[in-house]
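There are 4 protein chains.
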Amino acid sequence: MLNIGLLGCGRIGQVHGRSIGQIDGARVAAVADALEAPARTLADKTGATVMGAEELIASADVDAVVIGTPTNTHFDLIHAAASAGKAIFCEKPVDMSADRIRDCIKAVEAAGVPFMTAFNRRFDPNFANVQARIAAGEIGGVEIVTIQSRDPSPPPISYIQSSGGLFRDMMIHDFDMARFLLGEEPVTVYAVGASLVDPEIGQAGDVDTAAVTLTTESGRICQITNSRRASYGYDQRIEVHGEKGMLRAGNVLENTVEIATSTGFRKAPAQHFFLERYEAAYRAEMAHFVEGVVSQKHISPGIVDGLRAQILADAATRSFEQAAAISLIEPNGP
Amino acid sequence: MLNIGLLGCGRIGQVHGRSIGQIDGARVAAVADALEAPARTLADKTGATVMGAEELIASADVDAVVIGTPTNTHFDLIHAAASAGKAIFCEKPVDMSADRIRDCIKAVEAAGVPFMTAFNRRFDPNFANVQARIAAGEIGGVEIVTIQSRDPSPPPISYIQSSGGLFRDMMIHDFDMARFLLGEEPVTVYAVGASLVDPEIGQAGDVDTAAVTLTTESGRICQITNSRRASYGYDQRIEVHGEKGMLRAGNVLENTVEIATSTGFRKAPAQHFFLERYEAAYRAEMAHFVEGVVSQKHISPGIVDGLRAQILADAATRSFEQAAAISLIEPNGP
Amino acid sequence: MLNIGLLGCGRIGQVHGRSIGQIDGARVAAVADALEAPARTLADKTGATVMGAEELIASADVDAVVIGTPTNTHFDLIHAAASAGKAIFCEKPVDMSADRIRDCIKAVEAAGVPFMTAFNRRFDPNFANVQARIAAGEIGGVEIVTIQSRDPSPPPISYIQSSGGLFRDMMIHDFDMARFLLGEEPVTVYAVGASLVDPEIGQAGDVDTAAVTLTTESGRICQITNSRRASYGYDQRIEVHGEKGMLRAGNVLENTVEIATSTGFRKAPAQHFFLERYEAAYRAEMAHFVEGVVSQKHISPGIVDGLRAQILADAATRSFEQAAAISLIEPNGP
Amino acid sequence: MLNIGLLGCGRIGQVHGRSIGQIDGARVAAVADALEAPARTLADKTGATVMGAEELIASADVDAVVIGTPTNTHFDLIHAAASAGKAIFCEKPVDMSADRIRDCIKAVEAAGVPFMTAFNRRFDPNFANVQARIAAGEIGGVEIVTIQSRDPSPPPISYIQSSGGLFRDMMIHDFDMARFLLGEEPVTVYAVGASLVDPEIGQAGDVDTAAVTLTTESGRICQITNSRRASYGYDQRIEVHGEKGMLRAGNVLENTVEIATSTGFRKAPAQHFFLERYEAAYRAEMAHFVEGVVSQKHISPGIVDGLRAQILADAATRSFEQAAAISLIEPNGP
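So the sequences go chain by chain: D, H, B and V. Every letter in the first sequence is one number past the one before it in this note's numbering, and letter 272, counting from 1, is 352. Every letter in the second sequence is one number past the one before it in this note's numbering, and letter 231, counting from 1, is 311. Every letter in the third sequence is one number past the one before it in this note's numbering, and letter 49, counting from 1, is 129. Every letter in the fourth sequence is one number past the one before it in this note's numbering, and letter 19, counting from 1, is 99.
A portion of the hints provided could be inaccurate.
Each pair may be met inside one copy or between any two copies, as identical chains are not told apart.
Claimed, not checked - 16 angstroms max Cα-Cα, derived EDC-like pairs, lysine to aspartate or glutamate:
no., residue 1, residue 2
1, Lys172, Glu297
2, Lys172, Asp394
3, Lys172, Asp249
4, Lys324, Asp124
5, Lys172, Asp124
6, Lys125, Glu371
7, Lys324, Asp104
8, Lys186, Glu401
9, Lys324, Asp141
10, Lys377, Glu116
11, Lys377, Glu265
12, Lys125, Glu359
Note that these hints are calculated values from the structure, not bench results.
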């Protein structure tokens with residue numbers, strides 16, 4: 081039985097708590113949160129003990145920690161958990177600064193503890209199926225990857241002001257997906273963007289509509305589009321064109337019902353947002369983590385994947401600001 | 081060059097004229113119609129000579145006739161054309177009476193002329209593809225056939241009063257399709273129906289909503305539904321379930337465009353009616369006839385297929401009237 | 081908190097136990113099974129007490145019972161639970177004999193206890209959506225209902241020998257769905273069938289391929305097809321044609337991935353069988369039961385729905401045996 | 081009756097000849113080709129007179145010319161036809177040099193003759209429908225356009241050596257489509273590409289896999305991908321995301337048939353190549369030209385559209401060669 085301590089009992093902490101409840105061989109042993117109420121609620125549901133964060137990390141009853149606290153706390157919690165020898169599951173982004181992530185990597189490697197960066201979309205059954213079939217050679221060598229990602233509506237301006245910008249808070253998922261599907265590291269990044277959805281977003285210095293082109297050393301191409309708005313639900317699609325054919329995963333609709341009337345044939349909107357769309361992915365990523373820690377198997381994506389996505393987000397931000405393509409091939413590399 | 085004489089220059093005659101114009105090795109040599117205007121129009125377009133029906137059938141310049149006149153004239157025209165040694169392409173139904181069709185069969189067989197009953201749907205590229213793949217064994221032995229057929233809106237009451245009823249004027253196409261797909265002759269027929277679309281149709285003694293179940297000797301099953309109404313266009317679908325899988329052909333929509341909004345994902349209605357939906361089928365059936373006559377190849381569906389569909393339509397009508405299943409296995413058979 | 085006692089801890093009992101675990105306001109309080117092991121497993125997972133069936137029904141700690149035992153035990157358990165004043169959730173079929181179900185109805189009505197017949201498909205989010213939209217008038221008056229239902233592969237011959245036959249053990253779900261969608265009671269039943277999948281099924285006196293036509297008093301039509309075989313997964317589709325249009329719910333595929341190669345565009349098979357396909361339906365039906373009992377709201381489908389489906393299954397069996405349509409309009413009604 | 085002279089009787093000339101044959105109010109009056117045979121064949125089919133190119137342009141029997149000759153002959157033919165006062169329908173590209181196209185524009189404007197640049201895809205019923213609905217405001221202001229365009233297989237190396245490269249010979253269609261859908265002129269172009277399909281293409285100095293990003297002054301974004309290879313047929317898709325929703329046009333498959341087996345649900349490949357896929361578009365563009373000339377209505381796309389697409393293709397080529405984004409906003413503009 082793997083005893084897991086949850087650091088952070090907000091929305092994502094509750095998702096992880098529910099996932100752990102459905103996994104044989106793991107249980108929520110302890111929970112910690114800056115606020116009393118959410119920690120108490122989660123404890124009541126799972127039978128866990130409410131602790132302070134430091135106490136939880138130090139507890140002999142905790143084998144592994146799930147870090148679901150605000151991003152600016154990740155750095156200290158990772159260092160503390162690594163020192164305590166706990167296996168670590170950490171929400172993305174690991175940190176807003178690539179250099180600080182490099183520092184975390186040193187701490188984790190020195191401690192030799194398992195570490196998983198929670199890029200949940202890799203565990204979506206549809207996207208995972210696409211990647212597995214590319215890896216199995218069903219479409220031969222990858223040539224072009226297309227990723228479409230649109231949120232149903234923009235977040236509050238307050239969030240945007242501190243998020244690091246669209247390329248870092250939203251497209252970072254797509255950068256990880258691009259790496260997952262391309263099978264090679266991107267070497268150039270070109271980003272464009274505009275504020276078409278809400279002028280306040282533009283005034284806050286960010287974009288709400290953006291597109292990026294990545295290329296790899298062998299010439300593979302990835303195009304990504306992002307929008308903070310989609311009237312028809314959470315738009316999450318990938319398509320991969322290869323030597324022998326094409327693999328794609330479409331949206332997940334609310335149901336399979338179709339109505340036909342004089343205006344045509346109509347299906348339901350896409351599932352509303354990430355909690356519905358990625359419910360199965362959240363369960364699968366936690367099962368992968370538990371299995372990896374318990375059976376001492378390779379866990380992926382790891383902390384280096386967290387760094388590489390952050391480097392791409394930084395480069396895209398720079399490309400947009402400079403209106404120029406950015407090369408990632410540097411003398412001393414990333 | 082096959083010289084074709086068109087008997088009947090109404091809507092369907094014009095369709096066939098247009099088809100012949102696109103076939104290498106055939107031309108419209110002569111046209112005949114009870115009315116001057118449509119014959120003249122078609123002649124102008126095709127370079128054909130306007131003649132009387134008898135003159136056309138007798139003309140040495142005509143190798144084959146296309147009969148697109150009202151059903152009650154088919155009998156005499158078939159006999160005359162057979163006597164004159166012309167190849168015959170005849171619109172369905174061959175005749176409203178199975179006995180009179182049997183008489184036509186004798187005349188055609190005595191004359192030894194090629195004869196094609198114009199069940200155009202067999203030549204729809206989608207339905208033809210389904211049948212060819214059944215024949216090629218892609219789904220193994222056929223078990224269940226489902227046919228859905230709905231017109232966009234009911235015909236005028238005057239038409240219904242003389243059409244012989246839904247089972248004979250509309251479902252006859254589906255009976256032929258059932259035989260085409262089942263690969264065996266039906267041995268039982270059970271029909272139900274009601275007047276749900278327009279009470280006047282009921283008052284005229286017909287139904288506008290109907291369903292039929294057919295079974296074959298080996299136990300294969302076919303279910304057919306018909307309606308005189310479909311708000312979403314001409315509804316024409318077939319589905320065949322076999323030992324190894326299922327083959328189906330869906331509707332043909334007006335275009336491939338899809339719109340996504342807050343109400344979901346919407347595609348265009350189905351193509352409006354038979355002239356659009358079966359445009360390619362009309363061309364293909366005429367090409368099959370021309371090729372068959374010119375190269376002395378087997379032409380199918382033939383006149384016996386016209387008879388068998390009529391027998392099924394008669395049996396369905398009887399089943400509906402008697403509210404009982406009808407067996408087609410009789411001492412002296414059909 | 082509604083305290084539920086599970087009678088039967090086999091596969092379906094475990095499904096219901098899992099569902100209850102996800103419903104706020106309900107818990108598995110007690111479990112009973114003829115075998116020790118499955119009862120113990122379920123108890124460990126849920127914190128329930130293992131009891132004998134009689135003890136469980138009599139227990140003051142149990143407010144409601146879920147009957148998931150073999151069909152031939154339902155009769156006695158229903159009577160006992162009704163006498164004990166417990167709310168009852170009973171797997172379908174309520175009993176193999178319509179007369180014995182009538183006897184159960186009397187007991188349940190005399191006791192005044194809530195009763196739910198577990199026709200889970202009514203709670204499938206797709207099918208429920210179709211029914212709700214019919215009820216809301218989206219397609220106007222219903223005209224034709226088409227139900228396709230195919231299992232991935234036949235059950236063991238031993239099951240078939242005691243199941244009452246395809247019309248009673250498999251198509252009974254479709255009879256309930258037909259009533260759910262037609263909005264009127266069927267008044268005629270016509271059934272055909274054959275043994276095309278496995279000759280042993282035919283030798284056991286049953287069919288594996290079948291079709292039924294139902295009509296209602298106002299003339300609405302329902303066509304149902306069943307097969308014990310479908311290579312492409314569990315085939316579960318409904319389609320309803322009405323005055324203003326058509327509503328349909330297609331299959332649920334294993335994922336949304338599509339591959340395009342020289343052979344075309346290929347999607348995944350349908351979800352394999354009922355445990356995957358109806359996972360959400362099982363949760364929703366139990367939530368409906370709990371909500372109904374706790375809030376004293378109307379629970380549907382009730383015990384009379386169990387009777388009506390059984391009457392249709394009996395009539396279909398008779399129709400098949402007699403090769404004749406059966407009328408359900410009798411002097412003293414069903 | 082509009083008398084049309086065909087300059088060039090190769091594959092595309094024959095397509096236009098066939099289209100004219102189906103348009104009321106127009107006929108092929110004269111044909112010219114460097115080779116005798118194709119001119120003779122087309123003349124036999126249409127009743128046209130075979131002439132030399134100069135004679136044809138000068139002929140009083142010719143009201144309009146269709147230029148379907150090699151690109152390097154367009155310049156002289158356009159000047160001659162404009163001088164002769166003929167309406168001009170010209171295959172794309174108008175010329176390989178933007179400056180020479182500017183020269184043609186002067187000649188055409190001086191002569192005041194109608195001119196149509198044959199960007200056939202604008203007349204595809206699916207793409208035309210998308211554009212019309214954008215114009216009608218169905219999705220509000222355009223935000224992101226995605227265009228996917230893949231040929232089934234690469235052309236011969238000899239073609240590639242003289243075509244001007246992928247951005248000019250293949251993506252030029254997509255540049256015109258981008259302008260058609262964006263509703264604004266692009267102001268920046270960024271292109272990437274590689275030779276992944278055939279190394280010989282790379283050795284010939286071209287790419288076979290490419291992607292371009294365009295932006296407009298108001299911030300609208302267009303992403304285009306091209307490949308010289310697609311195993312699943314001719315891949316031609318557009319998608320437009322706007323304020324209120326999304327419009328897209330998918331591929332046109334060979335038929336509507338779907339097979340379901342243990343490997344899933346499979347549909348036909350996309351129609352093989354442009355002659356099948358754009359058959360209706362070729363008819364519609366010619367009908368638009370004839371209608372425009374006869375009724376003196378606005379004809380679009382015109383010669384300036386030919387120039388603007390060429391400017392984008394030149395800029396993309398430059399962007400690829402320089403590995404840098406190109407701005408099209410220059411002091412004296414294009």
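Status of the hints after comparison with the structure:
1. For the identical chains of this complex, lysine 172 and glutamate 297 are neighbours neither inside a copy (27 angstroms) nor across copies (34 angstroms), given an alpha-carbon limit of 16 angstroms.
2. For the homomeric pair lysine 172 and aspartate 394, the shortest alpha-carbon distance inside one copy (15 angstroms) is at most 16 angstroms, but the shortest distance between copies (42 angstroms) is not.
3. Taking the shortest alpha-carbon separations for lysine 172 and aspartate 249, only the intra-copy value of 9 angstroms comes in at or below 16 angstroms, while the best inter-copy value is 44 angstroms.
4. In this homomeric assembly, lysine 324 and aspartate 124 never come within 16 angstroms of each other (Cα to Cα): the closest approach is 53 angstroms inside a single copy and 43 angstroms across copies.
5. Neither within a single protomer nor between protomers do lysine 172 and aspartate 124 lie at most 16 angstroms apart by alpha-carbon distance, with minima of 27 angstroms and 36 angstroms respectively.
6. Proximity of lysine 125 and glutamate 371 under a CA criterion of 16 angstroms is satisfied in neither setting, with 23 angstroms inside one chain copy and 20 angstroms between copies.
7. For the homomeric pair lysine 324 and aspartate 104, neither the shortest alpha-carbon distance inside one copy (40 angstroms) nor that between copies (38 angstroms) is at most 16 angstroms.
8. Taking CA atoms no more than 16 angstroms apart as the test, lysine 186 paired with glutamate 401 passes in neither setting, with 31 angstroms inside one copy and 40 angstroms between copies.
9. Taking identical chains as interchangeable, the C-alpha atoms of lysine 324 and aspartate 141 are never at most 16 angstroms apart, the minima being 52 angstroms within one chain and 52 angstroms between chains.
10. In this assembly of identical chains, the alpha carbons of lysine 377 and glutamate 116 never lie at most 16 angstroms apart, being 36 angstroms within a copy and 36 angstroms across copies at closest.
11. Taking the shortest Cα distances, lysine 377 and glutamate 265 never come within 16 angstroms of each other, neither inside one copy (24 angstroms) nor across copies (54 angstroms).
12. Taking CA atoms no more than 16 angstroms apart as the test, lysine 125 paired with glutamate 359 passes in neither setting, with 19 angstroms inside one copy and 22 angstroms between copies.
The structure does not agree with the numbered hints 1, 4, 5, 6, 7, 8, 9, 10, 11 and 12 stated previously, though it agrees with the rest.
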